[in-house]
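Engineer: Starting from the known structure of chain S, arrange chain X on it as the hints suggest.
Residue numbers (the working numbering), protein chains in the order written: chain S, 1 to 868; chain X, 1 to 303.
To be clear, the hints were calculated from the coordinates, so they are not data collected in a lab. Note that this is a predicted model, so its numbers are computed, not measured. Wrong hints could be hidden among the right ones.
Said to hold, decoys possible - Derived lysine-lysine pairs resembling DSBU-like cross-links, with alpha carbons at most 30 angstroms apart:
1. Lys248(S) x Lys249(X)
2. Lys231(S) x Lys88(X)
3. Lys271(X) x Lys824(S)
4. Lys231(S) x Lys271(X)
5. Lys271(X) x Lys802(S)
6. Lys171(X) x Lys243(S)
7. Lys455(S) x Lys376(S)
What the hints assert, rightly or not - Here are some chain S residues the structure puts well away from chain X; computed CB gaps all over 12 angstroms:
8. Met172
9. Leu193
10. Gly282
11. Ser702
12. Pro845
Backbone N, C-alpha and C fix where the C-beta goes; we use that ideal spot for every residue, glycine too.
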Amino acid sequence: MRGHAPVSEVDGEVYRVAIIGSGPAGMSAASHAAQLRMNHVLLEKTDHLSDTIFKYQKGKHVMATPSQLVLRSDQEFDAGKREDILGRWNQRTEELRVNVKYNAEVKSIKGTGPAIEGSIQKIITRARDGSTTTTEVQRHAPPYAITLTSGEVVMAETVVLAIGTQGNPNLMRCPGGDLPHVTYQLDDPYAVLDQHIVVVGTGDAGIENARGLAEDPAQGNVVTVLNRSPKSANVRESFATAKEPNAKALVEDDAAGKLTIRYETETKAIEPGWITLNTRDGEERIRCDRIIARIGSAPPRGFVEGCGIEFASNDRLAFPTLSPQFESTAPGIFVIGALAGYPLIKHCMNQGYDAIEFINGNTDLKPADEPLLEAKFAGLPGKRSVNDWLELLRTNIGILNGMNTLQLREFMLDSDARFTKAGETIFEKNDPGSSLFAIADGSVHVRIDPNDASKVVPIQKGSIFGEVGLISGRRRGATVVAASDCICVEISRNAALKLQSQVPSALRAIERISTERQLLQMFGSGLTPDDVREVVDTAKIVAVRAGEALITEGADDKNIFVIRVGSMIVEKVVGGKPVFLSYLPAGSYVGEMALIDGGQRTATVRAAIKSEVIRIDGEAFARVLEAKPALFARARKDMEARRATNAFVESKKDGFSGVVDLYSEQAKFLVSQGLGEATDVLLIDERLCVGCDNCEKACADSHDGLSRLDREAGKSFAHLHVPTSCRHCEHPHCMADCPPNAIHRGPDGEVFIDDTCIGCGNCQRNCPYGVIRMDKVPPKKPSLISWLLFGSGPGPGEPPYKWSKKNTKYTGDPVADDKLDRKKAIKCDMCAGIEGGPSCVRACPTGAAIRVSPDEFLTVARLENEGA
Amino acid sequence: MATTPAPGPAPRRRTGATRERQSTHEGFLVHKNGKWIKLSAALAAVLILLYIFVPLPPQHFGSTWLGYTLGTIGALLILWLTALGMRKRAITPGRWSLKAWTSAHVWLGVLLSVIGTLHSGFAFGWNVHTLAWSLMMIVIVSGIFGVTAYATLPRALSANRYDSEGAITEKQMVEALRSLDRQLHDAAQPLDRECAVLVDNSLEQDPFTGSIINRLTGRYPGDATREAAGELRRLRAHRPRIADDPLDKVDALLTRKEAMLARLRRHLRIKGWLQAWLYVHVPMTFALIAALSAHIVSVFFYW
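Bound-form chain S, shown alone (with noise of 0.2 angstroms):
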């Protein structure tokens, strides 16, 4: 029998219910049963509630979204600074009563009743190396035995998880690595002296303590950092996960002697005073006090897994499956809060109070999220209850067949549903939008002639449309008018990414839809889904990775594939040199030119970015080309034209050496620079850039006074310089985590944020381009008139932080004050609206700045301009 804790450590008591993790779900949670004078119990890791919270900086704004929820709990939640947030929470905790244990963190949860017949646990781990493990682990009944990392044991009959998504610190491996002197924190770098250390890890966190114990040579500690990657010019490439100003700082105490940076270094073992290096050179030897291990962190997923609760797939994004009250698969243990897939804080303290109340016997609590839903609902025709609408949408539309009603719920938070009479229109071709649509009901016609009103493919109940969006997050590819009344689903990006992790038949669905239509639409030419089923039978979704060669020239294979996501770049091998040929954004096919002709490979081509293709059968294809002609004389036509465009460039590379190769590199060095995934970017030719900043003038005075892009700073390379702006990537990496999704793709396809930002710099973090600033707007500034005859105020531009600071007008109002000084995420919006387009390029003097799309710029024409 495992799982049973050592009866001589359980005190006897057994709480009715334990609270694990004391932020705004376990903290709220904890209080309603205080509340409700339930036997309770709150097991906080740390010495103070809610320690992410408390880990913000110091007088951060907590922003209180969305709006329009009710806060169901027995704890505040305003809007307003973290301290004042925290000391009410505290106050309030106390008031209630709430039995808080501090220093508890939890290492195992395991129920001690009879085995639960049939209820088996299978856990997969997956190795580094790709292969996996299975273990399984039988669930038993409750009550539950909480092993505490001290050793105690806490029983209680229910138990609820709310413990976030931050996880444990990653432990070093190595023999020895459980020695004391392996640390995995520094509080203090200056309390330490004179002591060899070595500090694994160089991620920001490492660096930063390596770079703090060897600031003054006076500590006289050695300080030696592990890196893992080769030495390299570029910081970038050898402290990928660091910030580029931390890593070079490191480097230069490198260079100054103050510290050692072993590259293509590893722990082999440790021992007390001394550690083990596995080098390129072999193995060293040395000296050793302290070791700081800052490898980064592992998500809770293991540790839940350990507890009997299953999540809904194995997809990095997947949440545990939970019951509409929360209930997790293990019986009496609930999920909430941020690690059942909530992370704003008001959704999290309903979801304690709710849990609460479910475990007390309330089943008939209506959640929170009722009133929203109702709205949601109530543009539609016939009146139902939310319920009888979630059911209507679960049973008619296939993809949401697997959902249960919590996952329904959330995910409707996300969409939309919409009714269209008969004619209207749902969305046009060209429409920017990465939504999918679903019909619940009626039915919708795809035009597929812009001209032709009559040419159309139907598209029935309970199927989508809108994929092509969703997938490669370009433009809409057809008009999609209403056949008849209908209701039709729109699933947000997100919502869309989220079901596919959380029900795989969702996500095999949508992925054969999407192939199908895809290929149905590229090659058009009268071909009916029963022409491609084989292809699409055979076909195969394949991830690329960025660089990685998709086809190589002189191979023998024949498969066509078709970018789904992400862009590829086109290159040969002339006189010795790789020349680049095309780009080739989503959507467009490749490989055709060996099905066709016969023979080898005549290029490579590789992803620009990480990308997805479809990789489709050679022979059944050739089937298929085979019996339409009408096809095979596209594919043809297709061909040739891209043949003369080779043959165009070929030809230049005779004459014209060195502009041919020139093309090529700078081809390539955008492509580096992230043009890949950009829909819109900015380009300076700095043969005209007098340097004037008019640009970044332009831009503070459109917008607020704060520049959305710096001009001098970014990459150049063979006088091309890409500014840091936004790319408007086509799925941009800012959007991925924004907790009140104030990041949107806008009607003209710019990516902007809306006012509901709070201000977290999630955004700014995720953006790798770096183009996301966090500031607070400067108050406005007297007229360009004034100015230019008074002398008033500082003139156009980005006002200097002094002007700002000192013409803030302060109202002594705390609430108006504190929105005054609120930082916000800023980035271009690609002056949406704005009558003439992008001020940046309307006010440059000399023709120097454009934006550009990469189809656009990455075109022989431009060949032709650079002189050949």
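Structural biologist: Then chain X, alone, in the frame of chain S:
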């Protein structure tokens, strides 16, 4: 090898705002295939022909119909050309392009020299009228100098930013200098007093000091870094050679600092020239407008 989807019609602007798209860089001098240079050249030719072939009295040409016309056009043109200063700073909505304005400003400005000179009827003297003409010519010549600078210097500015590892920005140059200074400071600790003072001089000298002349010529006599490097080398020549001489490291650092300093100064010199001409062009424009007003008032009241 492959195909891309056929380009559809230009995406409709859903916000209602329109925008002109360019896919290549086109400089201001040849904006729209040299639209403004062609127009100005044609106008200049027409005006010169008119001046030569229209029979008008040689005296007081300015008060003939052609003279008045040229004068009016010239005066309005001057005001319009001055308005570039406003256009550049007033970032209003609309489909204007500052590049188009600059292009027109340059070529119509050159045309102004023809208009103004013909208007004068080549009657020069020591009076307010010729003063206005001379100021106009100073503005135009300084403008032509500026155009030449704009057309040639950006390449040099860009080239100066590149080295074997790619391009660096002005900020990075300053940072690199600071970093070298820190390293110098540490490396100079073991040196004796005489040498340390030399290094200290280099550390204490602000690389941005110097007059406008220093900046525009790129010459900085009395540069402490150069002096320190030279003097240390001289001192070393008289000393016995030892292993791990701290002077080696200092010498290497000073050489690197000199190179970076030279680069930063070249950068500042080019940037200086890109702006310096405006300090003639703009004040002279205001002087011109004042003289022009005097000229207009005087011809109407005192002729």
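Engineer: If a hint holds in the structure, say so; if it does not, say that too.
Structural biologist: Evaluation of the provided hints:
1. Lys248(S) x Lys249(X): holds (21 angstroms)
2. Lys231(S) x Lys88(X): Measuring from Cα to Cα gives roughly 47 angstroms; hence the hint is violated.
3. Lys271(X) x Lys824(S): violated (34 angstroms)
4. Lys231(S) x Lys271(X): violated (36 angstroms)
5. Lys271(X) x Lys802(S): holds (26 angstroms)
6. Lys171(X) x Lys243(S): Given pair Lys171(X), Lys243(S) holds - Cα atoms ~18 angstroms apart, limit 30 angstroms.
7. Lys455(S) x Lys376(S): violated (33 angstroms)
8. Met172: holds (33 angstroms)
9. Leu193: Non-interface label stands for Leu193(S): nearest chain X Cβ at 20 angstroms, farther than 12 angstroms.
10. Gly282: The claim holds: Gly282(S) sits with its nearest Cβ about 28 angstroms from chain X, beyond 12 angstroms.
11. Ser702: violated (5 angstroms)
12. Pro845: violated (4 angstroms)
In summary, the structure is inconsistent with hints 2, 3, 4, 7, 11, 12 from the numbered list given earlier, while agreeing with the others.
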